[in-house]
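First to last, the protein sequences are chains A and B. According to this note's numbering, the first sequence is numbered sequentially starting from 1. According to this note's numbering, the second sequence is numbered sequentially starting from 1.
Any given hint might turn out to be false.
[As the list claims (entries may be wrong)] Think about it this way: if two alpha-carbon atoms lie no more than 30 Å apart in a straight line, the pair counts; the simulated DSS-like pairs of lysine-lysine are:
#1 A:240 <-> B:11
#2 A:260 <-> B:96
#3 B:151 <-> A:235
#4 A:287 <-> B:85
#5 A:406 <-> B:11
#6 A:43 <-> B:11
#7 A:287 <-> B:248
#8 B:294 <-> A:7
#9 B:96 <-> A:203
#10 B:85 <-> A:277
If you are wondering where the hints come from, they were derived from the structure by calculation, not from laboratory data.
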Amino acid sequence: MMHLLLKFAAICRSGDLRVSTSEVIDAVTHLQWVDFSDETGFKAALKANFAKSRREQGNFDRLYHLFFHEMQTSTALDPDGEQTVEQRQIITQLQENEMLTDPIDSALIDFLKGDPAAFLQEIYNLENREEYSSPALKSNLGQLSARLAVMLRINALKGAIGEANTGGRSGDSQSAERLLGRLDRAYKMLTEDNRPNNDALKKVRSNETHFRDIGERSFAALSPAEIVQMQEIIKKLVRKLRDRMGRRYAAGSRRYLDVKKTLRHSGRFQGIPIEIKYRQRPLKKTKIIALCDVSGSVWSAARFMLNMLYSMQDCFSAVHSFAFISGATDITEIFEKYEADKAVEKVLSSRKIEFGALTDYGEVFQQFRRHHMHLVNKRTTVIIVGDGRSNYHNPREEILADIREKSRRIIWLNPEPEDFWHTGDSEINTYKAYCHEIRPCRNLNQLVDFVEDLVL
Amino acid sequence: MEFESIDDVMKRLEKAGYIASREIATVVFLAAAGNKPILVEGPAGSGKTELARALSTCMNRKKIRLQCYEGLDEAKALYEWEYAKQLLYTQMIKEKINDLISEADTIADAVERIADQEDAFFSERFLLARPLLQAISADDPTVLLIDEIDKADPEFEAFLLELLSEFQVSIPELGIRKAKHIPMVVLTSNNYRDMSDALKRRCIHLYIDYPEPALEAKIIRMKLPGIEQRLADKMIVVINRIRELDLKKRPCISETIDWAHALAVLRIDEITREAMSDTINVICKYRSDADMVKASMDRILH
Chain A
1 MMHLLLKFAA ICRSGDLRVS TSEVIDAVTH LQWVDFSDET GFKAALKANF
51 AKSRREQGNF DRLYHLFFHE MQTSTALDPD GEQTVEQRQI ITQLQENEML
101 TDPIDSALID FLKGDPAAFL QEIYNLENRE EYSSPALKSN LGQLSARLAV
151 MLRINALKGA IGEANTGGRS GDSQSAERLL GRLDRAYKML TEDNRPNNDA
201 LKKVRSNETH FRDIGERSFA ALSPAEIVQM QEIIKKLVRK LRDRMGRRYA
251 AGSRRYLDVK KTLRHSGRFQ GIPIEIKYRQ RPLKKTKIIA LCDVSGSVWS
301 AARFMLNMLY SMQDCFSAVH SFAFISGATD ITEIFEKYEA DKAVEKVLSS
351 RKIEFGALTD YGEVFQQFRR HHMHLVNKRT TVIIVGDGRS NYHNPREEIL
401 ADIREKSRRI IWLNPEPEDF WHTGDSEINT YKAYCHEIRP CRNLNQLVDF
451 VEDLVL
Chain B
1 MEFESIDDVM KRLEKAGYIA SREIATVVFL AAAGNKPILV EGPAGSGKTE
51 LARALSTCMN RKKIRLQCYE GLDEAKALYE WEYAKQLLYT QMIKEKINDL
101 ISEADTIADA VERIADQEDA FFSERFLLAR PLLQAISADD PTVLLIDEID
151 KADPEFEAFL LELLSEFQVS IPELGIRKAK HIPMVVLTSN NYRDMSDALK
201 RRCIHLYIDY PEPALEAKII RMKLPGIEQR LADKMIVVIN RIRELDLKKR
251 PCISETIDWA HALAVLRIDE ITREAMSDTI NVICKYRSDA DMVKASMDRI
301 LH
């Protein structure tokens, strides 16, 4: 049993679940108390120890099914068990085959034997490989071609099994078929998407009307006079947000006794401390990191979003703003130096931003991670404004997962109408799995809702 | 061991008014047997807090509840010195202190003499025990409910680690307090933010989802014994269809129970269009949600 559990823990680890030694120990202890013949109990005990959040449960279920049902764990339990002599013979024959020298092959052969750990690791590496492409010549082919290489190895192995089968006796076609079926499963695992369960995602569709007409029209359809009016409204909004934050801390600030102050005040009453003074708690600093897409597809909205970011930076001390198209450009300084209109103009004509380039979210995230990740900590709210249209480049969602882990919250504002979200090159579906909150934001009413709901 | 078997857990929880699925019962059983805290996740209203209440009833233990919020700190969660009381006492026994140091020759000696009495001021008497300390120092075993841990700050989460793994807390003036009895700890989270790995490692995890239709029907019949089988079944079908809609807040078991109550009070025994629109406010907590349900009424009822 112990052996089986360790094996399963290893598989969970290569399948991107974090299982620590202490959790394995707990699981071993817990399994003493459950009845093995009752699978619900057995699975629940393992699940409670190995998948410690809702997000991981989907992945756990997949691995559990793979290991305990599809692999049948015959070899892990006892080597002479279910796997037939013929099957083992074929595998030995495969191993002797000189053609199969690739490291992927040995992972696949382990998979055939009933141990998917190495293969899962291989898939994990595929999904998380770093790509350094030159900015001039971009492609997302690196990951695809690596996947293709694995697929080719699977096919080669299939061919080898066929050969081994016809070369040997003809009676064992059934075992060969079973092995082929297992390879099909490996193939499927390679192509299936494995995104975390994110049903805690807060999806907001606000229908509330704060302003008639001006509030309902999309950002693109506003006249210059209305734009000025709108900027006023945004400014007021953000100020209101700041006031709300201030109140929240003031309410909770009567806490610790301030000995010095109390003694000083007691001097007036012959040293009797009649008035008790409390220490003021320092206000908690909230950090905001905002990433704003300024590419052509969101052009009209970008202006307002930048305006909102400007007001935020004006009100809160720790705001870092970035504009991006195909690389993250720090615009915090521009916002600090110039007043609102000019700052937005400056950003939209900045030479640091490649306005001619195609939007590439993967590259943006990668640059952000390389240069600015140190800004993110558990106090940081990350706000991303963009339509998620990445021109079919590699979306690099694992970086967003990384940011999620380090930050407090990720909020995605999408200026595109919701009906278009999942069409064409939009990766919003991919990114959705790593956000805490996602909302459409294409007119003033929705923007007002966002700022009013914002808890920092 | 507190419970004899998983079935025993189910039976006793049911007696306490909580119908648990086998999975829930297993995790509760393991947590009780291994003295591990349970971290419960699930949508709002799915019965996370209720589980803690039922546990305290069926284990016959006192429930101590700590509601988490932003800005919650040790002073509110663990203990606090009662400064006002300390000062008051100091004033009242001023004479006594003067007596004590009147014989001292030097200031150093006086300080030494007062220091001998320090224990009197930093003792249990001036200590205001908050939920966590109460749970640890209680004479009988307790059930400690730490509600909505995801609302608290990350610092507070880190502060909990000592308590959850060692079942002890350190108070600088008094030293380390070890738990007299290890409390049964239930932490609940609505997933507002992700918990740290360190916290997760110390707990075992349980996800409570919307219940299976059969289980939900059982729950309703337990809460409202008089309800007709046919009506209850229909209600479950309707509620599950409403859950499929894209709502801001999906109805949970608590809403189903409230709805059943409302129907009983209004003496409605057939779910019709009219009955639905009369009671829709019990099921949906937002106006936009209610509108959406009304718009798709045909699909829901048939």
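Evaluation of the provided hints:
| no. | hint | in the structure |
| --- | --- | --- |
| 1 | A:240 <-> B:11 | violated, 53 Å |
| 2 | A:260 <-> B:96 | holds, 24 Å |
| 3 | B:151 <-> A:235 | holds, 29 Å |
| 4 | A:287 <-> B:85 | violated, 39 Å |
| 5 | A:406 <-> B:11 | violated, 43 Å |
| 6 | A:43 <-> B:11 | holds, 21 Å |
| 7 | A:287 <-> B:248 | holds, 28 Å |
| 8 | B:294 <-> A:7 | violated, 52 Å |
| 9 | B:96 <-> A:203 | violated, 66 Å |
| 10 | B:85 <-> A:277 | holds, 14 Å |
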